[in-house]
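Chains as they are written, first to last, in the working numbering: chain S, 1 to 329; chain Z, 330 to 692.
Derived by calculation from the structure, the hints in this document are not laboratory data. Cβ atoms here follow ideal geometry from the backbone N, Cα and C, with glycine treated the same way. Mixed in with the good hints, there may be bad ones.
To be verified - What follows is a set of in silico ranges between Cβ atoms, one per label pair, in the way DEER data are often shown:
{"id": "1", "chain 1": "S", "residue 1": "Pro141", "chain 2": "Z", "residue 2": "Pro662", "range": "33 to 41 Å"}
{"id": "2", "chain 1": "Z", "residue 1": "Ala622", "chain 2": "S", "residue 2": "Gly74", "range": "19 to 27 Å"}
{"id": "3", "chain 1": "Z", "residue 1": "Pro608", "chain 2": "S", "residue 2": "Pro22", "range": "55 to 63 Å"}
Unchecked claim - Pulled from the structure, derived: some chain Z residues nowhere near chain S, Cβ distances all over 12 Å:
{"id": "4", "residue": "Phe344"}
{"id": "5", "residue": "Glu347"}
{"id": "6", "residue": "Thr400"}
{"id": "7", "residue": "His476"}
{"id": "8", "residue": "Ala576"}
{"id": "9", "residue": "Gly595"}
{"id": "10", "residue": "Cys646"}
{"id": "11", "residue": "Asp651"}
Said to hold, decoys possible - Per the computed footprint, the stretches of chain S lying under chain Z, defined by three or more beta-carbons under 8 Å from a beta-carbon of chain Z, are:
{"id": "12", "stretch": "56-62"}
{"id": "13", "stretch": "66-73"}
One letter stands for each residue in the lines below.
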Amino acid sequence: MAEITLVDAVNLALARALADDPDVVVFGEDVGLNGGVFRATAGLQQRFGAERVFDTPLSEALIGGLCVGMAAQGLKPVGEIQFMGFVYPCIDQLVNHASRLRNRTQGRLTCPMVLRTPHGAGIRAPEHHSEATEAMLAHIPGLRVVIPSTPERAYGLLLAAIRDPDPVVFLEPTRIYRAAKAEVEDSGEALPLDVAFVVRDGRDVTLVSWGAMVRDTLEAADQLAAEGIEAEVIDLATLKPYDEKTVLESVARTGRCVVVHEAARTGGFGAEIAALIAERALLSLLAPVARVTGYDTIIPLPRLERQYMPSVERIATAARRTCNFAGSN
Amino acid sequence: MDTMAEQALEVIATFEVERRGYLGIDGKPLRCLPAFAGDRDLVVSLYRAMVLARAFDMKAVSLQRTGRLGTYATSLGQEAVAVGVASAMAEHDVLIPSYRDNAALLWRGVAIEDILLFWGGDERGNRGSGPVQDLPFCIPVGSQAPHAAGVGYALKYRKQNHVAVCLLGDGATSKGDVYEAMNFAGVAKLPVVFVVNNNQWAISVPVAQQTAAQTLAQKAIAAGFSGEQADGNDVIAVRAAVDEAIAAARAGEGPRLIEALTYRLGDHTTSDDASRYRPPQEVEQRWKAEPIARLRNYLVARMNWSKAEEEEIARACGEQVDAAIERYLATPPRRAETMFDHLYATMPPVYAWQRDEAEANDG
C-alpha cells in the first residue's frame, strides 16, 4: 500500500464518496479543472464530470447557501471554502440555516452537507490565510465540527462527515497537508464522529489537542518521555459535539491536563475543556488545567507566525510545570 | 487634429426592462388578457385566495394584539403577489418564501393553524402540511436566495422538470447574497424564478434609499438573465409573468426575475408603527390601487359576479380562519425537552443530561 499525504487522503475520500453515492456533489472556487488551490480535488472533475465537481463563482455566501438548498433536496453537497479566513460570509448560512433546518422544520427537511476549509497557520501564507477560528463554529448548536490530524483520520472522518445526516464543518490542517505520509487503505470505511482518539497512552499528564497541533503535542510527549514524564495525548478530532468522556476518563487517571491549540486563548475551545474538567473532575486534579495557545493577538503575518504558534518547547514546558505543580500531592 | 477621435464609442450592449399590467385600478382590461383570465373558476379561486389571505391577516393581528400570537407580518395590500406566484406553480415545484408570504403558503396547502403556530412561537408550525419539499419562511432577509440556487441545481442535476420559486422583498435586493445567488443561477442556467415583492418599504427605508437603479428588475440583467416588472396589485399580471417564467425555466432556458410592484398598506409587522416614517396621505392614495377590489371589479364587469357570491366567499373565508384559530389555540404546548428532538438526527449522548434537566424543570 502506498503512503499518502493528508491532502491526498482528502482527495481519496472525496473520490470514494463520489463513486459510492450519486447524491454527492463537490464544488467551490477553483475545485474543478484546477483541482483546488491545495490540490484536494485534483482529478475529480475529470473523473466524475462537471455536473458533480464544479467551480462556483467567487461567492462564499453562495457556497454555504447552495449546500443548504441542495441538502434540502436530499443531495449530499460538499462545498469548499478556499481558506478559513474567507469562511465568514458563509457563517450566516451555517448559523441561520444549515445548523437549524432540521429543527425548524421538526425533521421534515434536513441538511446533510459538508463544508470543507483549510485551517490554521504555518505555511507562510498571506494575511487572512492562517485563521483558526474553530471555537466560533463549535459554539453553534446543530453543527458538527471535525478536524483530522493524520491522513488516516482525514480519510475516515471525511467519509463519516459526508455520510452524516447533519451538517459538518470539516477543517483541514493546512500546515500538515503534506507534512507526513501514511498508509491509507481506500476501504470505504468511515471513522466514528463525536469520538476522540487517544493517540498516546501515559499516566502522568493528559495533553488534549486537535488538527496540526497534535503533531507538535506528540513531539513534546516524546521529549517529556525522555525526562521520565509519560504524557497521554488525545486528538479531540470532533469539537462539536465533543467526546467529554474520553477527556474526563484520562484526566481522572493522570490528574493533570494541558490543552493545546493554535487559536487565540480567550474563548478558545481550550476554555471549554478546562471548564468541563473544573465542573466534572475537579477532585481528580493534582494541578490546575493549563492552556498552551496562540496569543490574544491578531495572527501575525508570516514573519512572526512561528512565534505566535504554540511550539513543542512551550507545550513541553507547560506540561513540566503542570507535573511539578507545587500544590500537587 | 485626428478626426477619428470624434467618432462615437461603440455601443456593445443595450438592455430593456418591460412592465406588464392587464387590469387597471378600476379592474378594466388595459390590453389583451391572457387566456386564463377568461377561466371564471380560476379567477374566482385567485380572488378567494386573496380574500382568505386578508381575512387571515386581520385575525392574526387581532390574536397578536390580544397576546395570543407573537410578532406578525401582514401582507395587507400585497395579496396578489403571493397568490399570483403560488397559483402559477405546480405542486412538485419548490417554494422558497420570505416571511411575508403567508398567502403563498396558504395556496400551497399549508394549514392555517400551522402558520399561526409558527408565528405563535412553535417550530411545529413548519412541520409541513403543505408540499414536503417547500422551504420554511426565511427571516434573515435575502438569505434564502442561495437556497433557491441550491434547490435549482439539485432539480437540474436530477433532470427533474421542476422549478424553484424564490420570493424576496425589495430590501433583499440590496443584499450581496441575493446577487451571488442570481449570478450563479445565471451562470449555471438554473430553473429558478426570483420574484421580488417590491412593496416600496423595507421597514422604514424606501426603495429610493435601497438603490439608485431605476428598477429592481434590472438587477437580473447584471446576472445575465432577463428581469421584468409586473403590476403586483394585478393578480392577472403576476400570474401571467410567473407562468411564463416557470415555463421558460422548465424548458431549460434558465432563471428569470420578476419585480412585482405593490405597496405595503400595513405596518412592517405588529411591532412597527409606520406612521412614524411615512405620510398617511401616501397610504390613503395607495389604497385606491389595492388588488382585491380591482379583481372584484373585473369579476363584476366581465364575469357576471354577484354580490351573493362575494358575500359567500367572505363568510366562508372567515369561518375557515375561525375554525383554524380554534385548532391553533387548542394545540397542546410542546414539552421543554422536545427542543432536543430535532437538533441532530440522533441526539449525541453528551447532551442527555441537558435534555433531562430541561425535562425536569418543565414540571
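So, going through the hints one by one against the coordinates:
At roughly 22 Å, the beta carbons of Pro141 of chain S and Pro662 of chain Z sit outside the given window of 33 to 41 Å. The hinted window of 19 to 27 Å between Ala622 of chain Z and Gly74 of chain S is violated, with their beta carbons roughly 43 Å apart. The supplied range of 55 to 63 Å is met by Pro608 of chain Z and Pro22 of chain S, whose beta-carbon atoms lie about 58 Å from each other. With a cut of 12 Å on Cβ distances, Phe344 of chain Z stays outside the contact zone with chain S, its closest approach being about 21 Å.
The beta carbon of Glu347 of chain Z is kept farther than 12 Å from every beta carbon of chain S, the shortest such distance being approximately 27 Å. Its beta-carbon lying about 16 Å from the closest one in chain S, Thr400 of chain Z satisfies the requirement of being farther than 12 Å from that chain. Not every Cβ of chain S is farther than 12 Å from the Cβ of His476 of chain Z; the closest lies at roughly 4 Å, contradicting the non-interface assignment. Its beta-carbon lying about 21 Å from the closest one in chain S, Ala576 of chain Z satisfies the requirement of being farther than 12 Å from that chain.
Even its closest Cβ contact with chain S, about 25 Å, leaves Gly595 of chain Z beyond 12 Å, as expected for a residue assigned away from the interface. For Cys646 of chain Z, the requirement that its beta carbon stay farther than 12 Å from each beta carbon of chain S is met, with the minimum near 27 Å. Here Asp651 of chain Z stays apart from chain S, with its beta-carbon at least about 26 Å from theirs, past the 12 Å limit. Under a criterion of three residues with beta carbons nearer than 8 Å to beta carbons of chain Z, the stated coverage of the stretch 56-62 of chain S is upheld, 5 such residues being counted.
Interface restraint, the stretch 66-73 of chain S with chain Z: holds (8 residues with C-beta to C-beta distance below 8 Å; minimum three).
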